[in-house]
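Asks: Based on the sequences and whatever the hints tell you, model everything.
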Amino acid sequence: MVEPSVISNPDTNPNASRKKRRKIGSDYPNGAAAEPCGNRWRTETEQQIYSSKLVDALRHLRRPDSADAAVRTVRDAADRVLAVSAKGRTRWSRAILARRLSLRLSQIRKKHKRAARPDAGLKKPAVQKKLPPLQRKVRALSRLVPGCQKLSLPNLLEETTDYIAALEMQVKAMAYITGILNGVPAAAAAGGGSLAD
Amino acid sequence: MSSRRSRSRQSGASRISDDQIADLVSRLQQLIPEIRNRRSDKVSASKVLQETCNYIRSLHREVDDLSDRLSELLESTDSDSAQAAIIRSLLM
Numbered sequence: 001m002v003e004p005s006v007i008s009n010p011d012t013n014p015n016a017s018r019k020k021r022r023k024i025g026s027d028y029p030n031g032a033a034a035e036p037c038g039n040r041w042r043t044e045t046e047q048q049i050y051s052s053k054l055v056d057a058l059r060h061l062r063r064p065d066s067a068d069a070a071v072r073t074v075r076d077a078a079d080r081v082l083a084v085s086a087k088g089r090t091r092w093s094r095a096i097l098a099r100r101l102s103l104r105l106s107q108i109r110k111k112h113k114r115a116a117r118p119d120a121g122l123k124k125p126a127v128q129k130k131l132p133p134l135q136r137k138v139r140a141l142s143r144l145v146p147g148c149q150k151l152s153l154p155n156l157l158e159e160t161t162d163y164i165a166a167l168e169m170q171v172k173a174m175a176y177i178t179g180i181l182n183g184v185p186a187a188a189a190a191g192g193g194s195l196a197d
Numbered sequence: 001m002s003s004r005r006s007r008s009r010q011s012g013a014s015r016i017s018d019d020q021i022a023d024l025v026s027r028l029q030q031l032i033p034e035i036r037n038r039r040s041d042k043v044s045a046s047k048v049l050q051e052t053c054n055y056i057r058s059l060h061r062e063v064d065d066l067s068d069r070l071s072e073l074l075e076s077t078d079s080d081s082a083q084a085a086i087i088r089s090l091l092m
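If you're matching them up, the sequences are chains A and B in order. Residues in the first sequence are numbered consecutively from 1, following UniProt numbering. Residues in the second sequence are numbered consecutively from 1, following UniProt numbering.
The hints are simulated quantities; they were obtained by calculation from the structure and are not laboratory data. These numbers come from a predicted model, not from an experiment. Idealized CB from N, CA, C, for every residue including glycine. Hints may contain errors.
Unchecked claim - Listed below are several chain B residues computed to face chain A (Cβ distance under 7 angstroms; list not exhaustive):
1) Leu24
2) Leu28
3) Ser44
4) Gln50
5) Asn54
6) Ile56
7) Glu62
8) Leu66
9) Leu70
What the hints assert, rightly or not - Think about it this way: if two alpha-carbon atoms lie no more than 25 angstroms apart in a straight line, the pair counts; the simulated BS3-like pairs of lysine-lysine are:
10) Lys42(B) x Lys150(A)
11) Lys150(A) x Lys87(A)
12) Lys137(A) x Lys42(B)
13) Lys137(A) x Lys150(A)
14) Lys130(A) x Lys47(B)
15) Lys150(A) x Lys130(A)
16) Lys47(B) x Lys137(A)
17) Lys53(A) x Lys87(A)
18) Lys172(A) x Lys87(A)
19) Lys150(A) x Lys53(A)
Said to hold, decoys possible - Some chain A residues well away from chain B (every beta-carbon gap over 10 angstroms; in silico):
20) Thr45
21) Gln48
22) Ser52
23) Gly88
24) Ile96
25) Arg100
26) Arg109
27) Ala140
28) Leu157
Replies: Right, here's the structure in full:
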């Protein structure tokens with residue numbers, strides 16, 4: 001029996017009508033344009049869109065309690081805006097957005113647990129698994145890309161290519177913003193463009 | 001060879017050929033500056049994975065560093081300096 005697809009817009013959730021998610025290429029029927037190959041992150045336009053969204057997000061940050069919290073809020077905002085820009089097409093971006101929600105809950109839970117038992121957060125698995133070196137590297141990689149710990153190797157590699165391209169754009173955009181804020185007196189003197197436009 | 005095939009069976013993906021993996025690994029190879037600049041055709045998958053991990057970690061560090069600097073700049077908007085005033089007018 002065919003399940004009626006409730007979500008009609010393929011852009012928001014291309015996986016909705018697909019039963020099989022593990023095959024490469026079948027997840028994205030739109031063709032190359034929607035494939036997570038990373039090319040979209042490399043355009044100037046994408047970087048500008050990201051920069052302006054990030055500045056907007058920075059504008060609305062809450063006042064941090066400490067210097068560490070300040071860094072964390074900036075980092076979180078940068079990651080969140082990056083993940084939103086991916087438009088739900090990649091697993092790593094969905095994982096970043098999902099973990100912000102679960103982070104709060106786990107923080108609260110941890111606080112209660114640690115109050116009850118001082119060593120609650122210290123338990124680490126004692127089992128030492130000797131995996132072949134290639135497998136170990138694959139696992140290390142899967143830990144670095146958000147939400148990709150249980151993916152098959154080909155899907156992991158696809159997510160990785162997109163993730164790397166996105167990270168590169170994030171670095172470029174943040175460096176650009178930092179440069180502007182740093183060189184602000186010089187830019188203002190020269191009558192340079194304003195971000196507030 | 002056989003070990004690689006059994007590994008792909010373990011990872012739960014059926015019918016993933018070595019060619020597909022080699023193709024993806026070579027695509028990954030193009031992204032890593034370390035490997036791209038070295039101009040050698042035969043780079044082992046292990047090396048590519050290792051360099052990928054290193055590269056992602058260094059990108060994370062860069063983002064952390066930039067977040068640090070950005071947060072400092074945002075913090076400085078409390079002060080009375082001219083730069084702080086301009087940042088304030090740009091961002092707030």
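Asks: If a hint holds in the structure, say so; if it doesn't, say that too.
Replies: Right, here's what the structure says about each hint:
Hint status for Leu24(B): holds, given a least beta-carbon distance of 4 angstroms to chain A, under 7 angstroms. Because the beta carbon of Leu28(B) sits about 6 angstroms from the nearest beta carbon in chain A, less than 7 angstroms, this interface hint is met. Annotation: Ser44(B) was flagged as interfacial toward chain A, and the flag is violated, the nearest CB pair being 9 angstroms apart, outside 7 angstroms. Hint status for Gln50(B) relative to chain A: holds, with the closest Cβ pair at about 6 angstroms, below 7 angstroms.
With 7 angstroms as the threshold, the beta carbon of Asn54(B) stays out of range of chain A, its nearest partner Cβ sitting at about 10 angstroms, so the hint is violated. About 5 angstroms separates the beta-carbon of Ile56(B) from the nearest beta-carbon of chain A, less than 7 angstroms, and the hint is met. For the restraint placing Glu62(B) at the interface with chain A, the shortest Cβ-Cβ distance is roughly 5 angstroms, inside the 7 angstroms limit, so the hint holds. Given hint, Leu66(B) at the interface with chain A, holds; its Cβ is 4 angstroms from that chain's nearest Cβ, closer than 7 angstroms.
A least Cβ separation of about 5 angstroms between Leu70(B) and chain A falls short of the 7 angstroms threshold, and the interface hint therefore holds. With a CA separation close to 29 angstroms, the supplied pair Lys42(B) and Lys150(A) exceeds the 25 angstroms bound. Proximity of Lys150(A) to Lys87(A) is assessed by CA-CA distance (about 22 angstroms); at most 25 angstroms being required, the pair is judged to hold. This hinted pair checks out: Lys137(A) and Lys42(B) have alpha carbons roughly 19 angstroms apart, not beyond 25 angstroms.
Between the alpha carbons of Lys137(A) and Lys150(A) the distance comes to roughly 14 angstroms, so the proposed pair stays at or under 25 angstroms and holds. At most 25 angstroms may separate the alpha-carbon atoms for a hinted pair to count; Lys130(A) and Lys47(B) meet this at roughly 19 angstroms. With a CA separation close to 19 angstroms, the supplied pair Lys150(A) and Lys130(A) stays within the 25 angstroms bound. Proposed proximity of Lys47(B) and Lys137(A) is supported: the alpha carbons are some 9 angstroms apart, at most 25 angstroms.
Restraint check for Lys53(A) and Lys87(A): the C-alpha separation of about 14 angstroms stays at or below 25 angstroms, so the hint holds. Distance hint between Lys172(A) and Lys87(A) is fulfilled; the C-alpha atoms sit about 20 angstroms from each other, no more than 25 angstroms. With a C-alpha separation of about 31 angstroms, the suggested pair Lys150(A) and Lys53(A) falls outside the 25 angstroms cut-off, and the hint is violated. Interface exclusion of Thr45(A) from chain B stands, the closest Cβ pair being 20 angstroms apart, more than 10 angstroms.
At the 10 angstroms boundary, the C-beta of Gln48(A) stays outside the reach of chain B, the nearest C-beta of that chain being 16 angstroms off. Once the 10 angstroms rule is applied to beta carbons, Ser52(A) is consistent with being away from chain B; the minimum gap is 12 angstroms. No Cβ of chain B comes within 10 angstroms of the Cβ of Gly88(A); the nearest lies about 21 angstroms off, and the non-interface call holds. With a minimum CB-CB distance of about 12 angstroms to chain B, Ile96(A) clears the 10 angstroms threshold, and the non-interface call stands.
Even its closest Cβ contact with chain B, about 16 angstroms, leaves Arg100(A) beyond 10 angstroms, as expected for a residue assigned away from the interface. Annotated as non-interface, Arg109(A) keeps its C-beta farther than 10 angstroms from every C-beta of chain B; the closest such distance is 26 angstroms. Not every CB of chain B is more than 10 angstroms from the CB of Ala140(A) (nearest about 5 angstroms), against its label as outside the interface. Interface exclusion of Leu157(A) from chain B breaks down, the closest Cβ pair being 4 angstroms apart, not more than 10 angstroms.
The structure does not agree with the numbered hints 3, 5, 10, 19, 27 and 28 stated previously, though it agrees with the rest.
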